[in-house]
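K.L.:
Chains A and B supply the protein sequences, listed in that same order.
Using this note's numbering, read the first sequence as starting at 1 and increasing by one per residue.
Using this note's numbering, read the second sequence as starting at 199 and increasing by one per residue.
Not one of these hints is a red herring.
What the simulated footprint calls covered on chain B by chain A, stretch by stretch (three residues with Cβ under 8 Å from a Cβ of chain A suffice, anywhere in the stretch; the number is not a length):
1) 221-231
2) 315-329
3) 341-355
The set of hints was computed from the structure by calculation and includes no laboratory data.
We put the beta carbon where it would ideally sit given N, CA and C, even for glycine.
There are 2 protein chains.
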Amino acid sequence: MSQFKELLTKRRSHYAIGANTDVTASDVAAALKEVISTVPSAFNSQGVRVVVVSGENNQKLWDLIKGVQTQVLDEGTLNYMTPIMDGAREAVGTILFFEDRDAVEAGIPGNPERRSVYKNHESANAQLTAWLALTELGLGANLQHFNIGYEQGFDRAIRELLDLPEAWELVAEMPFGSIEAPAAEKEVIAAEEQVILK
Amino acid sequence: MSQFKELLTKRRSHYAIGANTDVTASDVAAALKEVISTVPSAFNSQGVRVVVVSGENNQKLWDLIKGVQTQVLDEGTLNYMTPIMDGAREAVGTILFFEDRDAVEAGIPGNPERRSVYKNHESANAQLTAWLALTELGLGANLQHFNIGYEQGFDRAIRELLDLPEAWELVAEMPFGSIEAPAAEKEVIAAEEQVILK
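With the rest of the complex left out, here is chain A (with noise of 0.2 Å):
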């Protein structure tokens, strides 16, 4: 199995992370300085936009999530997401993922639907290139999406703590750290059933 492969395979969500490696956020910083630019983006837009969190900036940006899901989740999903979000707290750090809307805007012609669409897709693009650049070092990571909502300004405080520009819109978190359990078993449906060749 081709290095590529065998990374695929191992990048899971990986919910129990901690704080025990040597890898700093610094080095999963400089590990997507090399992968982001590769990431396809419509019409090569490159509108997304990738901050690496850590330390009292991580801890401040999980305390303001849990402080909002409090209130808007139900119990059930906030009792399962809890140990989520306290686990994020104490890891190595968040990649959070924004699209900067100017360059989306700038880069990306036709009507605001096909925009969209594109702009996801290459959000999407960046957050499995990343997660595999984690998987290459070593580490686990989960995949949050928090807070969309940045017309209604869901996303606003979190730009605001980190001062960020204004037009930067965003999509998802992914904290990461040492593994601290194995990732939990995946059904996948028979291949036959996902491609077909005709």
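Go by the hints and put chain B onto chain A.
P.N.:
This is chain B only, laid out in the frame that chain A set:
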């Protein structure tokens, strides 16, 4: 540089593609079967369905797409896209990316807006994974989004041509084949603008 990073760097949009290769559509389908179940999806909803089309079906597919596009594109865009569509027709084949709306409905809780975002993220992740798998096979590919519009029935003719389920929504088309010309130069913004450490 690791094999993974090399693949990321080699993965480019190749518009000049042909059939001068021993790699078959069947080889491509086999490679996709190895990787497609590794693609992350929200709540493990696994809505991605991939169809590898080759030979006469591939020619019919691109005749169909070109027939529609000739009616809807402005002259400049049509002139630009015509060689890409003609090239796709004569290449080894095309990977069609669908999302099974039944799987998405059943697998992703929450409101329709969030479901749509997650669905697009999964499809984009499948597209990038497939593109890297093609790169690993030494093939070139490009990515198109003709006939987006399941709601409006724009993708119905393609489902009918290939006898695919009603619930499968077409998201993207990736024609692939031998690399007949190098990829164009690509301008990238500075890594420091895309990746920030906080």
